[in-house]
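Residue numbers (the working numbering), protein chains in the order written: chain A, 997 to 1366; chain B, 997 to 1366; chain C, 997 to 1366; chain D, 997 to 1366.
Honestly, the hints are just simulated from the structure, not real lab data. It is possible that some hints are incorrect.
[As the list claims (entries may be wrong)] Taking lysine-lysine pairs in the DSBU-like style, the calculated list, with each CA pair at most 30 Å apart, reads:
| hint | chain 1 | residue 1 | chain 2 | residue 2 |
| --- | --- | --- | --- | --- |
| 1 | A | K1257 | B | K1189 |
| 2 | A | K1161 | B | K1257 |
| 3 | D | K1161 | C | K1257 |
It should be emphasised that the depicted structure is a prediction, and the values quoted were computed from it without experimental measurement.
There are 4 protein chains.
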Amino acid sequence: MLTANTIGKEFAVTFFGESHGKCVGAVVDGCPAGLPLTEQDIQKEIDKRIPSKKEIVSGRIEKDSVEILSGVFEGYTTGAPICTLVWNKEAIPTDYDAIRDLPRPGHADYAARVKYGGFNDYRGGGRFSGRITVAFVMAGAIAKKLLATLGVEVLAYTTAIGDVKMDKAPAIDEIHKNTYQNAVRCPDSKCAKAMEEAILRAKNEGDSLGGIVECTALNVPAGVGEPVFDALDADIAKILFTVPAVKGVEFGAGFRAASLKGSENNDPYIVDNGRVATLTNNAGGILGGLSNGMPINIRVAIKPTPSIRREQKTVNLSKMEENTIQIKGRHDPCIVPKAVPVIESAVAIVLADHLIRGGFIPKVLGRRQK
Amino acid sequence: MLTANTIGKEFAVTFFGESHGKCVGAVVDGCPAGLPLTEQDIQKEIDKRIPSKKEIVSGRIEKDSVEILSGVFEGYTTGAPICTLVWNKEAIPTDYDAIRDLPRPGHADYAARVKYGGFNDYRGGGRFSGRITVAFVMAGAIAKKLLATLGVEVLAYTTAIGDVKMDKAPAIDEIHKNTYQNAVRCPDSKCAKAMEEAILRAKNEGDSLGGIVECTALNVPAGVGEPVFDALDADIAKILFTVPAVKGVEFGAGFRAASLKGSENNDPYIVDNGRVATLTNNAGGILGGLSNGMPINIRVAIKPTPSIRREQKTVNLSKMEENTIQIKGRHDPCIVPKAVPVIESAVAIVLADHLIRGGFIPKVLGRRQK
Amino acid sequence: MLTANTIGKEFAVTFFGESHGKCVGAVVDGCPAGLPLTEQDIQKEIDKRIPSKKEIVSGRIEKDSVEILSGVFEGYTTGAPICTLVWNKEAIPTDYDAIRDLPRPGHADYAARVKYGGFNDYRGGGRFSGRITVAFVMAGAIAKKLLATLGVEVLAYTTAIGDVKMDKAPAIDEIHKNTYQNAVRCPDSKCAKAMEEAILRAKNEGDSLGGIVECTALNVPAGVGEPVFDALDADIAKILFTVPAVKGVEFGAGFRAASLKGSENNDPYIVDNGRVATLTNNAGGILGGLSNGMPINIRVAIKPTPSIRREQKTVNLSKMEENTIQIKGRHDPCIVPKAVPVIESAVAIVLADHLIRGGFIPKVLGRRQK
Amino acid sequence: MLTANTIGKEFAVTFFGESHGKCVGAVVDGCPAGLPLTEQDIQKEIDKRIPSKKEIVSGRIEKDSVEILSGVFEGYTTGAPICTLVWNKEAIPTDYDAIRDLPRPGHADYAARVKYGGFNDYRGGGRFSGRITVAFVMAGAIAKKLLATLGVEVLAYTTAIGDVKMDKAPAIDEIHKNTYQNAVRCPDSKCAKAMEEAILRAKNEGDSLGGIVECTALNVPAGVGEPVFDALDADIAKILFTVPAVKGVEFGAGFRAASLKGSENNDPYIVDNGRVATLTNNAGGILGGLSNGMPINIRVAIKPTPSIRREQKTVNLSKMEENTIQIKGRHDPCIVPKAVPVIESAVAIVLADHLIRGGFIPKVLGRRQK
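Using the sequences plus the hints, can you model the full thing?
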């Protein structure tokens, strides 16, 4: 198990909690002392998970109210571990009795039962629930405040839902302006409307949709990352694959690079305003596991929500016979919108970790003035 | 830096060495005692990196001869760390004087110079060279022997080079039979021929190609992986992004899953020969970060070799002026074939680590008979 | 900072909380699934910290009531991280305003202020308070339940307070019977009385006393420990030095071994009831960082409580002038009795970690019966 | 096993090699780029292990000649892992056939056989041999060069051999001047002579002696250490207990503090030359796991060499019957002198690690001038 619920080496995050247990929590160890931090700073990030349109999400809407239990004193981080949590209020565990023996297709139910000898908290997926992602957002909120001290900004947004895709890359100001103006977190308002409709259509069919979330990190200095194994892209990919439903990650040209020629894919160096830059950014801002000073561009594939209303084939694990399951409970027809702040947070956590590791963010932010 | 050159928690691998230094080495810590191991076991994996056709690779062909320096006694691993290395014999460092100030587009040169204050060994990319991948293969050879004790097998192969793509998934026996029968490591012999031609064409144009490597792991039991953060897919993705030139990783349906419906993407459970299985395998054998007993299927995007003969734009970093570079040295027009055993090894390393972590492989393999 | 608040590799413990903050907590990651665990199991260990005689302790007596926030489901551990905490109720932060600029001799105040740029929560020592040791006891309670599945038992007890020392090693049944029958946790009842008197004498003089705690671990199988660096003694020593006020640790003959001859210090092997044992136990049960099957014997030196009523010299750090301080607040004239369950817990945590690492305790304890 | 052969988080050291295998090696990962480093820098530390009087050591005198295999380029560290090793030349493995079934009292033989299922390299203790300590010295040599960039100096020296003890603490200049002027590494020349005689006496009796090594670290700034778990004293104690034969570690007043009163043991703060200091140093320079700016003072108990010429009781493990053993091979009648540079190195490794962690030593030392 081996500290499997801790990630990061300098900005290290430990998660705990279950979907239908008492709470979901995150302990952040290694946040430099001297960062101004309030519960409101975290709350406003958590609120981004609350959907603006009830129709496109599950019946479960947690009005999560964050608490900071440790590590902050008189408005500043102290250098001690910061424990933050939200209490579960909307848990309705009885919804899940039916799935005890009937693993839901596309969920971790079966594998978890095997791994934990049946002792795992299976209610709502337990540790495997999307509910857990609130921990990413809590830790990510702290990470983002740290990044802001360097002017680094991380922006995630939806670029595809099912078959509906944005046809060109959005400008940064569109991302800023539009992403949270619609229910699907898409910077293209027109496209957003089509995405919402697609989700409602799938919902009406008792089905679900996936999509693509893209994420860009701006103003990351060159030289961030710790090759060979703690390469920046490697650490970003690792954390992204721990976000439920992620099935693919690519940087820059990504899979498209596989069919380019070297002369097309290489990004020529130029001098831009006295700084080294590249003309194109097929590398997505990362070469050899190190940032090169260009925007870091990441694409993430999110599978369709596995919980659907339609009847599905499964196996009764106690009897070892084939059976069917019709999932009740509450479930989103598309989790992509909720994944947007989670992915943003996950990337921010890795960047905070690496910026401290690289010495870009000091261990203490200034000296306390009385 | 933080043990950035070590990966794995139970089967932990530490790499050292440079492209044009004395050697490339790997220390494997945590290999169970009692595994039969000889230098020949490792050598035969290293030999897979030697190309069968000289035309499609660089002029540098290292006849690497592996040495085991520690951790093996009377033909068995002892439980102590195993240091293996190959000495560099073909290094021609003077080839690289020109690039000291002129970072090669698509390479880590610029970012590394920034990160290490110019102290990095820039010759041939130093630590960032593809040469380093021999360390993956040495450690991977040991991992594969461990996996074999459980009947687990990892198979990587090329499915695309540039625009030439296999049109359907190969059968396991085709992979076994054909992969190393051609220079591009493709299980489809006809496709392989077209791939070779594409590489030669690019080479003649002073250009390079990338491609897709796929990897499948067979007989992995259900329940392997350590969520939330040491999810099996997360750890596989992390190590794959540390392989030079990898720009994208996906599992099962991967990016394609983003446009499927839940009812299409979910893999229904069935009983197959008295065991739980799934009808389809869009999950690629991993759900919630845990193996589910199905084959683990991974696709990896490899960018075209950044070293090309054509003149490219770059910047003289000492003078901060734009300039051009024409790369001499030796370089492969396509590194995909060499990447195949590396990716296979990387996946094997992660699986060995997780199979020990999960208790599937014991800490000592039997008891020594005199 | 680097996960500095996490210890252990398989049974990994993360601490958070401050003396006068909201709570003190511990997250245990890596506890095998299937261990029966209730809040009462932990509560009874916490209660051991409550002194049986008010006179010999500080005015602050926390009636700590433990809560388990995660990782337990229907009475069993699930394999997910277990967060346990106690809320601080008796905190009187205003007691500590005086020490903001006046570091208390023998405390971490000065060094912490330097390290954290003055942002540390200095109230009652913050993270450096003995209050934190409740986290050891919570995690230790879980560790002890795990150890019990193998019949391993850890017993700590006081053998010296100031100049009052036990004159011979106690028998195991004396330890069992007497240790918690007196206020100083000494297995020798007569000696205990003299110790209590010594403490009261020091208290009346506005002074404090230290002492020696010994700890023995029974039934640890041979071969536990992970040399070279995760040697069993090394890991026990490390955790013990993180217990506030510990200044020395020795195993078996310890410092006395330095003046023995090899022929005196070596423990001859014998066959005892069909098992390998040693005639003497100068090694304290550990050789080469591995347990050898004999009882593990540890001695720990505890310094006198640094908080004393007497006026002491110090420096006003804002003005950089010499000054004096008279500590108010509540403080124990001797912390040795409270340290006993803490040291027992700390050793139990390390043993649980290493018994899992060595494969002696499995990752899942059985299979759940409905 | 879990990276059990790696220690340190920023300045991380991985050891490999066996007493009678090919070599003993150390990989240092995380050494900042830009440190001038040559093989001679390491060689001169290794030479400190070579005894100045043959009479008081074993017949095995390795003229170790260090090689740097990686991580250094044009005289400077590059930021990549530094692999250093010495080849074993004096190994005479056949000496050890007799001990295969007869574990030597006081050695790890029995426990290692149990742990590794008999697969361990038992020759000369294999991984458990004092031979391994050359790896500490190689890594320590690099650590010391790093420390020197801050003016931090670590000095170890012998203060007791058997019953012969220095009667007062040596002055720093005595340590500098005398320690390596005698065969026992004692700063008091007269005492050194008595120690040598004691060793020879024990040798003639076929017996062995232990002793005390003290170590002081000068100019360590205040605020070094990472509580709670990576406390500076905790990490120093951990590494010291991995040095073969260490049975006790104490800081400052150590075990003596247990019988002092708080008013005696507390070190009053003063202003000394405009800096905060303490009048006494019972804390040994560490409070709450943090350095306080005073010298760090450590005492280490070394047991007598377990290998002695006298016949000893043991058990034949194959037959499970009691037996005797008379150890042939080569062995030192007292390993304390050889332990001195090892302990110095071990402390230097921890300090280097913590000084990088605390941000006192930067990740890159300057910028390369061509």
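To see whether the hints hold, each was checked on the structure:
no., hint, in the structure
1, A:K1257 x B:K1189, "19 Å, holds"
2, A:K1161 x B:K1257, "15 Å, holds"
3, D:K1161 x C:K1257, "15 Å, holds"
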